[in-house]
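Peer 1: Chain residues, written in single-letter form:
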Amino acid sequence: MGSPLLELSGVGKDYARVDANAGRIRLVCDLLCGRGAAHVFRALDDVSLELAAGESLAVIGENGAGKSTLLKIVAGVIAPTRGRVSVRGRVGALLELGSGFHPEYSGLDNIDLAAALLGLTAAETASKRDEIITFADIGEHIREPIKHYSSGMVVRLGFAVATAIRPDILITDEVLAVGDESFQKKCIAWIKGYLADGGTLLLCSHSMYHVRKLCRSALWLRDGRVVRYGPAADVSQAYLAYHEEKSAGARQPIALPQAAASGVYAIQSLCVDPPSTIPCGAALTVWGEVFSPDDRVPVVLLGLVRADGTPVYGVATDMDGVPPARVTERHYAFSLTFPRLPLLPGKYFVRAHALDPEGVRLFDHVERSFVVEGETRELGVTRIEHNWGTRRRDEPGSIG
Amino acid sequence: MLSAPSPGQPARGMTGFALRHARQRALFANFFRRELFSRYLGTFTGLAWALVHPLALLAVYAFVFATVFRAGTMNGTSFVVFVAVALWPWLAAQEALQRGTVAIGAYAGLIRKVAFPHEIVIYASVAATLVLQLAGYIAVLVALTLLGEGVRLEGLVLAIPVWIVLAIAVTGLALALSALQVFIRDVEHVLMPALMILMYLTPILYPLSMVPEGMKPWVAANPFGYLVDRLRDALLDGRLALGWGDAVALIAALAIFVAGRWLFLRLSPFFEDFV
Numbered sequence: 001m002g003s004p005l006l007e008l009s010g011v012g013k014d015y016a017r018v019d020a021n022a023g024r025i026r027l028v029c030d031l032l033c034g035r036g037a038a039h040v041f042r043a044l045d046d047v048s049l050e051l052a053a054g055e056s057l058a059v060i061g062e063n064g065a066g067k068s069t070l071l072k073i074v075a076g077v078i079a080p081t082r083g084r085v086s087v088r089g090r091v092g093a094l095l096e097l098g099s100g101f102h103p104e105y106s107g108l109d110n111i112d113l114a115a116a117l118l119g120l121t122a123a124e125t126a127s128k129r130d131e132i133i134t135f136a137d138i139g140e141h142i143r144e145p146i147k148h149y150s151s152g153m154v155v156r157l158g159f160a161v162a163t164a165i166r167p168d169i170l171i172t173d174e175v176l177a178v179g180d181e182s183f184q185k186k187c188i189a190w191i192k193g194y195l196a197d198g199g200t201l202l203l204c205s206h207s208m209y210h211v212r213k214l215c216r217s218a219l220w221l222r223d224g225r226v227v228r229y230g231p232a233a234d235v236s237q238a239y240l241a242y243h244e245e246k247s248a249g250a251r252q253p254i255a256l257p258q259a260a261a262s263g264v265y266a267i268q269s270l271c272v273d274p275p276s277t278i279p280c281g282a283a284l285t286v287w288g289e290v291f292s293p294d295d296r297v298p299v300v301l302l303g304l305v306r307a308d309g310t311p312v313y314g315v316a317t318d319m320d321g322v323p324p325a326r327v328t329e330r331h332y333a334f335s336l337t338f339p340r341l342p343l344l345p346g347k348y349f350v351r352a353h354a355l356d357p358e359g360v361r362l363f364d365h366v367e368r369s370f371v372v373e374g375e376t377r378e379l380g381v382t383r384i385e386h387n388w389g390t391r392r393r394d395e396p397g398s399i400g
Numbered sequence: 001m002l003s004a005p006s007p008g009q010p011a012r013g014m015t016g017f018a019l020r021h022a023r024q025r026a027l028f029a030n031f032f033r034r035e036l037f038s039r040y041l042g043t044f045t046g047l048a049w050a051l052v053h054p055l056a057l058l059a060v061y062a063f064v065f066a067t068v069f070r071a072g073t074m075n076g077t078s079f080v081v082f083v084a085v086a087l088w089p090w091l092a093a094q095e096a097l098q099r100g101t102v103a104i105g106a107y108a109g110l111i112r113k114v115a116f117p118h119e120i121v122i123y124a125s126v127a128a129t130l131v132l133q134l135a136g137y138i139a140v141l142v143a144l145t146l147l148g149e150g151v152r153l154e155g156l157v158l159a160i161p162v163w164i165v166l167a168i169a170v171t172g173l174a175l176a177l178s179a180l181q182v183f184i185r186d187v188e189h190v191l192m193p194a195l196m197i198l199m200y201l202t203p204i205l206y207p208l209s210m211v212p213e214g215m216k217p218w219v220a221a222n223p224f225g226y227l228v229d230r231l232r233d234a235l236l237d238g239r240l241a242l243g244w245g246d247a248v249a250l251i252a253a254l255a256i257f258v259a260g261r262w263l264f265l266r267l268s269p270f271f272e273d274f275v
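Taken in order, these protein sequences are the chains called A and B.
This note's numbering applies: residue 1 is where the first sequence begins, and numbers increase by one.
This note's numbering applies: residue 1 is where the second sequence begins, and numbers increase by one.
With the rest of the complex left out, here is chain A (with noise of 0.2 Å):
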């Protein structure tokens, strides 16, 4: 108790860039006066967190975001450029495929290696070794080098060797979406009774429902740095927010000539007035121009969308009875206002969608962004009219 396990304040790790060979020659004569690279690639910078004994943390983010590079921080392989690392207790660390094993060896020698890198007495060992074996499950391959192994075998070793000693601080990075099913269950079987008896576990996973599952908070790192910390639910779904945005941010409307020619009804442009900001409570103003490749009127559907994906509102201009307007051949034009639009702050999409006349196919979609400002305590995505009574159920006038 008192002081955390693991704790991280303001690390940062700078990676030096090189290409050319006389490059190297200068990195050299750099690291040895002690300079630090002349270029370098920031990996990671000003992360900080904390993990008390029993807790467990995911690290989440795309390839590339510095998660790798953060775990081998806190298993020691690599020291950071700035900051300050402390760990209390003993790391074991799974970190990528085939980690930590001499390819050269075999599993039984791997088992043997891992136990001297711990520093275990060859008591100790031996009593370890029977029970990696087991839970490695792989057979006769044991005695074999390890680079004729299956990545799933490779793995079953690995957290076999990394569990058994049965670690302080346990380090997955992303290695249980290579085993099987069955040892997949075995391995979240394992670390969900390791949690239970108080073990400490940093997760790397592109797996939202893994990191839910077993980790209680969690990190987002991008570009190398915290995009967000805290309860695991809050910042796996602001994560998946993220890339439904992001997904939906690459797709593009369909060129006018393109749609011209394959004759599809297309969205041409779509503006929101206010452009990116407006008040909660506050007039939006959505306007565009569609195409009719036919010359008939099209059917425009609008929607709001909240930026995690999650629909909100739809209405097309067929609902209403008001069509788009003919601006010239071919050319339509549409305007939808919502006076006084009660969704609460946060980011949204207007999602403009062109159908056909009949209003039954439906072509492309395009969309654009805006936030809704506002200090406001209220929960969910839309402001509902509300009033708050002080009558009591059984008084006339009551409902139900």
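Wrong hints could be hidden among the right ones.
[Stated by the list, open to error] The list that follows gives simulated cross-link-like pairs (lysine to any residue, SDA-like), each with its CA atoms no further than 20 Å apart:
1. K347/A x T285/A
2. K192/A x R216/A
3. K128/A x A22/B
4. K147/A x G105/B
5. K185/A x S151/A
6. K213/A x K246/A
7. K147/A x F37/B
8. K128/A x Y194/A
9. K246/A x G309/A
10. K192/A x A233/A
11. K147/A x R112/B
12. K147/A x A108/B
13. K246/A x N63/A
14. K246/A x V226/A
15. K185/A x H206/A
No lab work stands behind these hints: they were computed from the structure.
With chain A's structure known, arrange chain B on it following the hints.
Peer 2: Frame of chain A; chain B shown alone:
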């Protein structure tokens, strides 16, 4: 895979010190055993190579110099004995340097994933090579004695300390070269021809006395030549007295080790990114 007390948590006090050293010893023993058994004794060709290579070289030199050039004796001893005494330690040093230089690359998988003192890899690699070669050296000397060649086995009392001085210097050089090799891949390729040239510039196949006067100081300046002379003093002439030169040799070897280790420790925190 597993890392015991990591850098953030230096084990404290005497128990911490003892623990750290127990771990490093266990690690060294593991690597050393591994180097010895897998590289030499595990495979038939490995073992053959370790023993046959120096013997074959010795036979070739004997053929070229003793038979073709008719250099029957050197300073009163047979050519084969004269060369054998010096050639073996040279080959041992050469192999230790070559293996040591690429050792970090050979352990890349561990270095990228596990926290441990990287220098242990070099110590294990150099020690495995030198221990095996020293055993071969003694075996050959004993064999030559049994064949009636004039080897004075009591000279081993001095010869083995000379090997230890050599080992200290070679370890220092291997530390420096292996660290540079991580960043500059040419080191390995330059080393081979450099060692070859150095071998002919060292009085191994010829005595220093045969070198023309003008070049003598240059050849004599070769520190390895000094060690070769000491081996011949002890094993061929039976002169075992220690001189100031021996103290200088020891200090020089220690200086090379300290410098090599300094360079290694300066660069080793950056290995992970480059191996």
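Peer 1: A separate judgement is required for each hint: does it hold in the structure or not?
Peer 2: Verification of the supplied hints:
1. Proximity of K347/A to T285/A is assessed by CA-CA distance (about 16 Å); at most 20 Å being required, the pair is judged to hold.
2. For the hint pairing K192/A with R216/A, the CA-to-CA distance comes to about 12 Å; that is within 20 Å, so the pair holds.
3. Only pairs whose Cα atoms come within 20 Å are accepted, and K128/A paired with A22/B is accepted, the gap being roughly 18 Å.
4. Taken as a hint, the K147/A and G105/B pair is honoured in the structure, with Cα atoms around 16 Å apart against an allowance of 20 Å.
5. In summary, the hint linking K185/A to S151/A is supported, as the alpha carbons are separated by about 17 Å, within the 20 Å threshold.
6. Straight-line distance between C-alpha atoms of K213/A and K246/A comes to about 25 Å, which puts the hinted pair past the 20 Å bound.
7. This hinted pair checks out: K147/A and F37/B have alpha carbons roughly 18 Å apart, not beyond 20 Å.
8. In summary, the hint linking K128/A to Y194/A is supported, as the alpha carbons are separated by about 17 Å, within the 20 Å threshold.
9. With a C-alpha separation of about 11 Å, the suggested pair K246/A and G309/A falls inside the 20 Å cut-off, and the hint holds.
10. Among the hinted pairs, K192/A with A233/A is consistent with the structure: their alpha-carbon atoms are about 18 Å apart, no more than 20 Å.
11. For the proposed pair K147/A and R112/B, the alpha carbon gap of about 16 Å is at most 20 Å, so the pair holds.
12. For the hint pairing K147/A with A108/B, the CA-to-CA distance comes to about 14 Å; that is within 20 Å, so the pair holds.
13. Between K246/A and N63/A the alpha-carbon distance is near 14 Å, which keeps this suggested pair within the 20 Å criterion.
14. For the proposed pair K246/A and V226/A, the alpha carbon gap of about 18 Å is at most 20 Å, so the pair holds.
15. A distance of roughly 17 Å separates the Cα atoms of K185/A and H206/A; the hinted pair therefore holds under the 20 Å criterion.
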